[in-house]
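As they're listed, the protein sequences go chains A and B.
Heads up: the first sequence begins at 1 in the numbering used here, then just goes up one per residue.
Heads up: the second sequence begins at 1 in the numbering used here, then just goes up one per residue.
Each hint should be verified, as a subset may be incorrect.
It does not matter which identical chain is used: a pair holds within one copy or between any two.
Said to hold, decoys possible - Below are the DSSO-like pairs computed for lysine-lysine, each with C-alpha atoms no more than 30 Å apart in a straight line: (1) Lys214 <-> Lys232; (2) Lys580 <-> Lys136; (3) Lys220 <-> Lys461; (4) Lys287 <-> Lys152; (5) Lys580 <-> Lys12; (6) Lys136 <-> Lys232; (7) Lys389 <-> Lys379; (8) Lys468 <-> Lys287; (9) Lys467 <-> Lys580; (10) Lys11 <-> Lys559; (11) Lys238 <-> Lys379; (12) Lys224 <-> Lys461; (13) Lys3 <-> Lys220; (14) Lys580 <-> Lys546; (15) Lys275 <-> Lys287; (16) Lys224 <-> Lys3; (17) Lys12 <-> Lys559.
If you are wondering where the hints come from, they were derived from the structure by calculation, not from laboratory data.
There are 2 protein chains.
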Amino acid sequence: MGKLVRVNMTKKEINIEPLPEKYIGKGGRWLTSMMISDEVPALCHPLGPNNKLVFAPGIVSGTRAPNSGRISVGGKSPLTGGIKESNAGTSFVQKMARMGYSALVLEGLPEEENCLMLKLTVDGGELIPADDLRGKGTYECAGMIWDKFGEKTSFCLIGPAGEAKMAMAGIAFNDPEGRSSRYAARGGLGAVMGSKGLKAIVLDDSGAPGVEPKDPEAFKEGQKKLAQAIMKHDVTKKGGALNSFGTAVLINILNEAGGLPTRNFRSGVFEGAAKISGEALAEAAEKRGGAGMMGHSCHPGCIIHCSNVYAREDGSEHVSCVEYESAWSLGANCGIDNLDHVAELVRLCNDMGLDTIEAGGMLGVAMEAGLAEFGDGPKAIELLKEIGKGSPLGHILGQGTQFTGEAYGVTRIPTVKRQSMPAYEPRAVKGIGVTYATSTMGADHTAGYTIAPEILAVGGKADPLSKKDKVGLSKAFQQTTAFIDAAGYCLFIAFPILDISSGFDGMVQTVNAMVGTNYTGDDVTRIGDEILRLEHDFNLQAGIGKEADRMPEFMTYEKLPPHDVVWDVTDEELDAFWEK
Amino acid sequence: MGKLVRVNMTKKEINIEPLPEKYIGKGGRWLTSMMISDEVPALCHPLGPNNKLVFAPGIVSGTRAPNSGRISVGGKSPLTGGIKESNAGTSFVQKMARMGYSALVLEGLPEEENCLMLKLTVDGGELIPADDLRGKGTYECAGMIWDKFGEKTSFCLIGPAGEAKMAMAGIAFNDPEGRSSRYAARGGLGAVMGSKGLKAIVLDDSGAPGVEPKDPEAFKEGQKKLAQAIMKHDVTKKGGALNSFGTAVLINILNEAGGLPTRNFRSGVFEGAAKISGEALAEAAEKRGGAGMMGHSCHPGCIIHCSNVYAREDGSEHVSCVEYESAWSLGANCGIDNLDHVAELVRLCNDMGLDTIEAGGMLGVAMEAGLAEFGDGPKAIELLKEIGKGSPLGHILGQGTQFTGEAYGVTRIPTVKRQSMPAYEPRAVKGIGVTYATSTMGADHTAGYTIAPEILAVGGKADPLSKKDKVGLSKAFQQTTAFIDAAGYCLFIAFPILDISSGFDGMVQTVNAMVGTNYTGDDVTRIGDEILRLEHDFNLQAGIGKEADRMPEFMTYEKLPPHDVVWDVTDEELDAFWEK
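Please work from the sequences and hints to get the whole structure.
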């Protein structure tokens with residue numbers, strides 16, 4: 001049975017207790033959202049003593065199920081003011097699960113400012129002074145952690161942005177080579193960790209008991225079905241779209257569809273798209289050689305390998321990895337078509353501990369406010385560095401897109417619930433707009449990725465420009481996603497399981513075999529819905545009601561080229577999302 | 001019958017139309033809140049094309065009724081995101097009413113940035129280029145306006161903060177001597193005016209028809225009853241508390257009661273209170289002589305004269321006026337006990353076009369964040385000047401208390417609905433806390449001044465430390481206040497009319513005689529309640545629900561010296577405020 005680690009940062013006490021009955025069989029987002037709902041007052045200050053930060057492996061994390069290495073982090077978000085779950089792919093979660101820890105809860109605030117590190121072993125935990133890491137970038141810290149604790153440890157940590165409690169700060173987890181590059185990025189949970197005076201968590205899994213499914217045979221069978229589906233689907237197979245070009249394969253596709261937000265959402269087409277595309281990344285990896293590579297993976301057990309390492313012209317490593325979202329946010333959205341500039345911006349985000357989506361959204365708004373010209377990469381780099389300096393400008397930019405817009409009186413701010421929109425124009429792809437508007441997380445594509453049928457013809461086909469049936473579509477996607485986030489699977493298994501029913505069955509079977517349940521496909525929807533409503537209730541109590549389930553006003557009256565479309569899903573249609 | 005002036009800033013068109021039927025007989029806050037509710041989409045961007053700014057004289061403004069020279073300005077607030085009415089005492093309103101203008105509505109946004117001035121005469125209006133005023137402080141602009149249009153004109157204008165669309169920006173109206181010192185300060189309406197590209201409004205009332213009550217005899221009688229009550233009451237009479245010491249007479253009184261928020265609401269007692277008190281102001285006026293004076297008034301027809309002019313050591317004018325709220329916010333709340341520093345901070349606020357309450361609240365939080373030491377007047381002056389410079393730091397500070405706290409991760413932010421609390425500690429004076437929490441305006445003492453019975457023994461007596469019956473008390477005060485704000489009377493008539501029933505009757509009688517109604521005392525409550533619910537409905541539609549009717553979390557767990565009290569009014573008790 002799993003254990004629950006409670007770390008009280010006021011008393012500097014660590015307690016390890018059996019996982020309470022009600023949480024058994026839960027995991028990932030299901031567990032973090034339950035615990036936050038149960039233990040955090042919805043109206044508390046996100047950086048105050050009553051917020052908590054919960055880390056939870058998914059239900060099947062730590063097993064050999066493919067792509068199951070996602071960790072969920074939950075808390076009340078300093079960015080949105082609502083509940084937040086943010087997840088990342090990393091060996092950290094696999095170690096944590098194998099050590100028998102079902103959840104880790106950080107609570108309380110230190111009475112004096114300090115900088116500590118939490119070290120967890122199978123025998124318990126220890127808070128260690130980490131003053132040598134204070135104020136340092138995540139790359140340097142990651143190196144210091146492996147130097148000190150060995151390369152077999154896994155870790156997570158925050159950068160200077162999290163220490164400064166900025167709402168754009170994420171939590172970095174190690175990748176297989178020890179880079180601090182896998183992010184639970186969204187919603188400012190790094191600031192919550194910073195408010196608690198914790199710079200890093202290190203896991204030493206020596207002697208870990210490992211995880212054993214309740215029904216190992218059935219598990220193996222489910223695992224096989226899922227793996228086969230992943231390896232068969234065009235999007236996820238070896239040599240498929242994601243494997244060959246990374247997630248940035250989407251740049252040209254969205255640009256083609258007129259749905260690639262460009263220059264702070266002024267157009268759906270970017271003339272420089274090809275230069276920052278997945279194809280361009282693959283070409284650079286090929287041409288420049290050296291450290292550059294496509295087909296990198298974020299955690300052991302991944303069989304998709306959509307990550308990459310981007311190399312400088314001389315072949316030395318620049319950054320891992322340039323995702324679609326980052327290439328878009330720091331590229332097209334800023335009018336920047338230079339991959340080296342984009343890579344440097346990503347590297348800075350990783351090092352300072354920032355969400356790249358929020359960073360690019362923020363830079364777009366900063367450009368709109370006149371702080372830089374659209375397309376000026378070097379100036380964008382300069383602006384981003386202000387965050388690390390902690391200058392007044394850095395304190396504006398570090399709080400994100402909405403905040404930066406407000407500081408400069410900008411009316412075109414592409415956010416929902418104060419969270420920056422990702423790389424899909426909601427006016428041109430209505431279903432994803434419904435997801436942005438209604439998600440409990442704020443604007444978030446991963447909450448209900450209707451792009452699959454709207455753009456990629458995966459899981460059916462839907463006209464992106466039409467709003468017809470999009471509320472139902474988004475709802476179905478959000479429900480299933482919540483279940484996947486609970487299971488600990490990478491969201492990209494959605495592509496194969498949408499199209500290949502044995503893959504879906506395999507996914508459900510692994511969960512059932514793991515915890516001894518008999519969930520059916522209907523249960524996936526039911527449980528997903530339960531998670532969403534739990535989160536929605538928290539938000540309602542936090543004062544985030546249906547009036548926050550709205551697109552930014554400018555999208556309702558400003559026509560987006562090239563389709564000259566506005567956001568036309570009505571308030572009533574959106575409100576139907578939460579009807580039972 | 002009154003006229004309605006519509007100024008479309010997109011088309012640069014001015015239309016003068018008869019006041020629509022439904023608005024006849026309304027005025028001040030009643031009229032602005034009705035028009036905003038009717039015409040402004042609750043979820044619009046406050047600085048976008050769909051917000052409007054409404055100026056409306058009170059029902060009896062322009063008459064000879066005592067202290068009736070208050071103008072209401074309404075709009076959707078860039079600070080709170082909710083509806084806003086902010087009012088000021090000035091001859092501007094008297095001229096506007098006598099010219100026959102019942103309301104002036106600014107709508108639309110200019111397509112290109114520009115800086116215009118609106119000149120209104122009895123014959124119509126004209127938009128005039130005002131590039132010579134652009135970026136200039138309000139004092140210099142005020143002088144230029146009188147130089148150009150003559151000293152018989154009245155005006156209102158915004159400072160550099162309003163032009164930069166900062167959420168702390170107010171709208172300055174002229175005082176009798178042409179100072180830009182009478183502010184509709186709260187809620188950032190100056191930023192709305194700035195977003196519309198309007199720097200100033202000038203009124204030339206040559207040939208104004210004047211206002212005539214429907215029943216002149218009854219009006220005169222009511223006016224007399226009210227004037228007699230004002231002149232009889234200890235607080236408002238000639239040589240009384242307000243006349244002798246200004247509103248700052250409250251400094252020592254609140255300090256004595258342990259309710260003077262000190263150093264960002266860390267204590268209810270300020271050891272330097274006496275040095276920034278009304279008594280100290282009066283002493284300085286006496287000692288320094290020259291321009292300094294107590295008993296100044298904000299508009300002709302005021303018979304209380306609570307304003308003042310503060311002189312420098314050499315007798316030259318420093319600023320008018322040092323109000324209680326300003327002496328507190330820029331004094332005690334910042335730990336500053338030097339009146340010359342306080343006066344300079346007030347002067348800077350007036351010149352840049354800032355709300356002094358929000359400015360002092362912001363400085364307190366900035367000091368909490370470590371940007372200055374509490375008590376450091378010169379550094380506070382330096383910080384405030386950043387706003388005028390438009391530096392990144394200025395763009396933080398200019399957005400107010402909540403924003404500044406968020407920029408620096410501060411958890412002790414004394415705001416409600418993002419608006420800075422005024423000069424009364426809600427933990428030590430519970431009734432005013434209920435007003436802060438429930439007011440549609442955000443934290444606002446003028447919305448329901450329960451200080452009268454809780455501290456001043458006016459209108460009965462109530463224990464400030466007890467929460468008993470305070471929701472009902474605040475409700476009664478808020479209802480009556482809304483009526484007074486509709487009538488156009490100065491809120492200070494509340495002192496005499498609470499204690500002297502003929503004064504109350506006189507107030508109601510002037511309104512009835514003015515517009516031909518038969519309102520009774522019950523109607524005062526009913527109409528006040530109607531106004532409040534209209535505003536509340538707007539806020540609900542803007543997503544500001546009961547979860548926003550709350551005190552900052554820290555006040556619920558941090559004990560306030562010297563009484564060691566926390567905020568203990570429950571959520572349920574607060575929610576009862578809006579029950580019918």
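Hint-by-hint comparison with the structure:
1. Lys214 <-> Lys232: For lysine 214 and lysine 232, the Cα distance is within 30 Å only inside one copy (28 Å; across copies 86 Å).
2. Lys580 <-> Lys136: Answer is neither; intra-copy 48 Å and inter-copy 57 Å both fail.
3. Lys220 <-> Lys461: Neither: 32 Å inside a copy, 77 Å across copies.
4. Lys287 <-> Lys152: neither (33 Å within a copy, 77 Å between copies)
5. Lys580 <-> Lys12: Classified as neither: same-chain Cα gap 44 Å, cross-chain 49 Å, threshold 30 Å.
6. Lys136 <-> Lys232: For lysine 136 and lysine 232, neither the intra-copy (43 Å) nor the inter-copy (68 Å) Cα distance is at most 30 Å.
7. Lys389 <-> Lys379: both (15 Å within a copy, 22 Å between copies)
8. Lys468 <-> Lys287: neither (45 Å within a copy, 77 Å between copies)
9. Lys467 <-> Lys580: within (20 Å within a copy, 40 Å between copies)
10. Lys11 <-> Lys559: between (55 Å within a copy, 20 Å between copies)
11. Lys238 <-> Lys379: neither (39 Å within a copy, 63 Å between copies)
12. Lys224 <-> Lys461: within (28 Å within a copy, 78 Å between copies)
13. Lys3 <-> Lys220: within (25 Å within a copy, 80 Å between copies)
14. Lys580 <-> Lys546: both (15 Å within a copy, 24 Å between copies)
15. Lys275 <-> Lys287: Within one copy, since 14 Å is at most 30 Å while 74 Å is not.
16. Lys224 <-> Lys3: within (29 Å within a copy, 78 Å between copies)
17. Lys12 <-> Lys559: between (55 Å within a copy, 24 Å between copies)
The structure is inconsistent with the numbered hints 2, 3, 4, 5, 6, 8 and 11, although it conforms to all the rest.
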